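Chains as they are written, first to last, in the numbering used here: chain A, 49 to 294; chain B, 24 to 264.
Rather than coming from a laboratory, the hints here were simulated on the basis of the structure. Predicted model, so just to flag it, every value in this text is computed and none were measured. Every clue listed holds true.
Per the computed footprint, the stretches of chain A lying under chain B, defined by three or more beta-carbons under 8 Å from a beta-carbon of chain B, are: (1) 103 to 117; (2) 125 to 135; (3) 256 to 264; (4) 274 to 280; (5) 283 to 293.
Note that beta-carbon positions come from the ideal geometry of N, C-alpha and C, so glycine has one too.
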Amino acid sequence: MNFSQVTPFLVFLQALITALATGLGALPFVLVKGRSARTIAWSHALAAGLMLGACFGLLFSGREYGERATLIGAVLGILFILATEKILHSAPGEVESLQQAGGRRKALIMLSMTVHSVAEGIAVGAAFGGDATLGIMITVAIAIHNIPEGLAITAVLRPQGVSLPKCAALAIFSSLPQPLFAVPAYLFVDFFTPTLPYGLGFAAGAMTLMVLIELLPEAYEEAPRTGVSLLTSLSLVAMLIFQRLM
Amino acid sequence: MEPTLLVLLTTTAAASAAGVGALFLGRGRKLSLAGVGWASAVAAGVMLGAAYALSTASIDLLLFGGGAILGILFVQLLHRLEGELSFHVEDQLSQDPTYSYRVFLAFSLHSALEGIGIGAAMAFHLPFGIFMVAIIALHNIAEGTVIIAILRAQEVSLATAGGIAMVTRLGQALVAVVVFAITRENPHLLSSAAGLGAGTLIHLVFVELLPESYREAGRTSIALVAAFAMAVVIFFRSFAG
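Construct the entire structure; sequences and hints are all you get.
Have a look at this one:
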């Protein structure tokens with residue numbers, strides 16, 4: 049295959065690789081066996097830090113295209129998750145079961161990560177619209193970046209009883225918008241590039257609210273705050289550095 | 024003007040902003056526990072935004088990361104020594120005679136750590152430093168309101184409570200000046216200092232501000248307040264160069 053010549057098929061293939069890489073994030077959970085409330089809390093704390101670190105990275109990437117556009121996207125993302133949360137929540141007066149709470153959390157994380165993938169798919173396509181070298185660099189960066197995101201998804205789904213293969217499959221599924229949006233973004237790069245900061249910001253805002261409204265409060269309820277905060281802080285910094293080095 | 028003097032004057036002004044909280048609590052007004060939670064959520068969002076701003080300014084990411092980890096571990100150690108502070112003032116006063124002193128000590132130590140980020144930002148680039156001072160001043164208003172509310176519940180006069188709130192922030196100015204002076208002479212330490220500042224801000228949010236805020240005001244409102252406070256900081260960051 050001639051990588052110096054960019055074709056829509058090449059763009060699709062590269063973006064598909066980035067999506068498949070998300071499934072690798074499930075692997076560390078081979079070693080995690082328990083599903084106690086404490087284990088779930090640690091998983092949520094880890095996911096919270098990774099997702100907030102990813103948000104910082106998205107906001108930083110959005111700066112290159114337009115800081116204020118990124119911020120508008122972020123506000124829209126926050127409002128989107130708020131509206132979704134209200135729709136998914138049980139009716140007033142009913143006590144929400146643990147299963148319902150877990151189902152809501154699963155839906156929210158899949159939604160926020162899928163939305164996030166749209167922006168990344170556009171980024172891959174737009175990069176190939178520049179040149180092949182840039183496109184491949186961005187592909188590699190996003191593929192590696194997707195691994196801890198797959199870890200974050202698994203950290204939320206696995207404690208809810210989702211099997212490891214299914215966690216990996218759902219993680220990959222959440223990244224499928226990447227190859228789907230990469231091709232039109234490449235073909236219509238002039239149209240899609242201006243939308244990129246809004247998309248990046250939207251994803252950042254959605255994930256931030258998801259962390260603050262679901263993951264962190266749940267973690268604080270089931271595990272000591274010092275442990276939760278330490279894990280969240282360290283994973284946030286690790287994710288931030290990891291992304292910026294890519 | 025000598026840059027170090029500029030740092031001292033601006034950070035002292037930011038520290039004084041803590042007294043503005045007295046305006047919200049004048050004429051016998053009280054801050055509900057939910058209000059305390061929301062004020063803390065504003066402070067938390069501003070601090071996360073400030074940490075993000077410091078990360079965007081840093082050139083050497085590995086040094087930044089190393090500094091951030093040190094900052095996190097330092098706050099962790101400090102938290103173990105202080106113990107957890109609850110905002111349920113009446114309960115705490117009846118059970119813990121040292122509560123007031125612990126509040127004063129905790130807020131003083133926290134604000135000193137916040138000064139690290141200001142000092143590093145000033146050494147990076149003056150407009151960025153002024154931006155950091157401005158957002159920390161905003162955060163000081165929020166935290167000052169919390170401190171004043173806690174002191175007012177102990178029947179401390181409004182003026183005295185406002186003064187104490189400002190005094191707890193003075194460490195911010197002093198540490199900012201020291202960090203600025205050190206990093207100005209040793210620019211290779213700048214990314215580490217920024218990381219140290221960011222790490223302390225991040226961990227203070229997760230170990231102190233957010234857990235208490237969730238308890239007082241519920242997760243949805245706290246999440247929204249913190250997220251929008253962070254968004255405001257990031258918006259103004261775009262003007263700071």
